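Going by this note's numbering, the letters in the sequence shown line up with residues 46 to 359, in that order.
One thing to keep in mind: the hints can contain errors.
[Claimed, not checked] If you anchor each label on the Cβ, the simulated ranges turn out as follows:
#1 K348 with N284: 12 to 22 Å
#2 S178 with G131: 46 to 56 Å
#3 N284 with G235: 45 to 55 Å
#4 G141 with F283: 41 to 51 Å
#5 I140 with R347: 42 to 52 Å
#6 Q99 with A199: 31 to 41 Å
To be clear, the hints were calculated from the coordinates, so they are not data collected in a lab.
It should be emphasised that the depicted structure is a prediction, and the values quoted were computed from it without experimental measurement.
Glycine included, C-beta positions come from ideal geometry on N, C-alpha and C.
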Amino acid sequence: MKHMNESFPVDFILMGLTKYPWLDFPLFFVLLVSYMFTLLGNIAIILVSQLDSQLQNPMYFFLTNLSFLDLCFTTTTVPQMLFNLGGPNKNITYIGCMAQAYIFHWLGCTECILLGIMALDRYVAMCKPLRYSVIMDHKLCLQLSSTAWLTGLANSLLQSTLTLQLPLCGNQVLDHFFCELPGLIKMACGDTTINEIILAVVATLLIMSPLSMILISYTYIARAVFRIPSTSGRLKAFNTCSSHLLVVSLFYGPGIYIYMQPSADGSQDLIKVLTLFYCVITPMANPFIYTLRNKEVIEAMRKFLRKAISSKRI
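Take the sequences, apply the hints, and build the full model.
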């Protein structure tokens with residue numbers, strides 16, 4: 046029983062994002078504002094995509110999936126961060142930590158695959174426009190999105206379960222602001238070589254496979270765009286695709302640095318900043334990236350706001 050208590054503590058102590066307590070309140074305020082924008086932006090995209098008949102197509106189906114995923118992604122980490130920043134208690138329960146690790150890894154893997162699927166959707170739309178609605182029918186869209194979610198879940202169950210088997214030898218201090226697999230591996234007192242190798246190999250497959258699909262898709266898309274005779278047509282096509290490319294860059298860049306290397310390498314402070322970037326900043330930025338460069342979404346939001354205002358007046 047004593048060995049079990051040492052191996053699996055009642056709770057963990059999170060070191061947080063910074064070692065300076067005076068930064069807790071400013072960080073709390075910034076995170077709270079970011080979280081509110083994330084909730085409002087992603088919920089707005091989900092609502093207008095579902096309620097506006099002009100947005101009932103595969104592109105917005107996958108965008109709705111991405112917005113829902115970002116809502117879950119940021120909710121997995123930010124409320125706990127706000128709780129720890131808002132008071133002297135920096136703990137998280139063992140069960141809460143494990144749940145956070147499983148869910149966060151699941152959602153992160155799912156987003157990697159979903160971004161690849163969205164690139165495939167853009168390829169069909171740009172390179173095979175006459176057959177777009179036939180190829181990307183509702184059944185295929187459901188199959189592709191389900192594949193992303195189920196693959197992410199399977200990988201999370203594998204990676205997280207292997208990580209949780211590592212002995213902690215009474216270690217309770219986690220040098221991070223939430224429970225993430227690389228941080229938990231660093232905390233272990235046993236040999237973590239196998240865990241590091243499996244994490245790096247699987248992460249490489251799950252990151253590089255969708256990324257390769259994205260690069261290949263946009264190579265064909267670029268060729269198709271340059272064949273468009275009118276400048277306005279090329280600009281419209283570029284605006285549609287550039288939003289997705291920007292989201293891909295924001296998400297994949299930090300993920301490649303954090304997961305595709307042994308857990309002992311890299312600055313922990315840099316890892317914290319990059320993790321904060323893709324689990325807080327990117328989910329907040331995604332709705333603005335897609336709406337500010339997309340006239341269809343902006344117009345749909347205007348219609349939605351007009352209806353909401355007119356219904357209140359009545």
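Cross-check of the supplied hints:
With their beta carbons about 21 Å apart, K348 and N284 fall inside the hinted range of 12 to 22 Å. Between S178 and G131 the CB atoms are about 49 Å apart, so this pair conforms to the stated range of 46 to 56 Å. A hinted range of 45 to 55 Å for the beta carbons of N284 and G235 is consistent with their spacing of about 52 Å. Between G141 and F283 the C-beta distance comes to about 44 Å, which sits within the given range of 41 to 51 Å.
The hinted range of 42 to 52 Å is satisfied by I140 and R347, whose Cβ atoms lie roughly 45 Å apart. Distance hint check: the CB atoms of Q99 and A199 are about 36 Å apart, consistent with the given range 31 to 41 Å.
The structure shown violates none of the earlier numbered hints.
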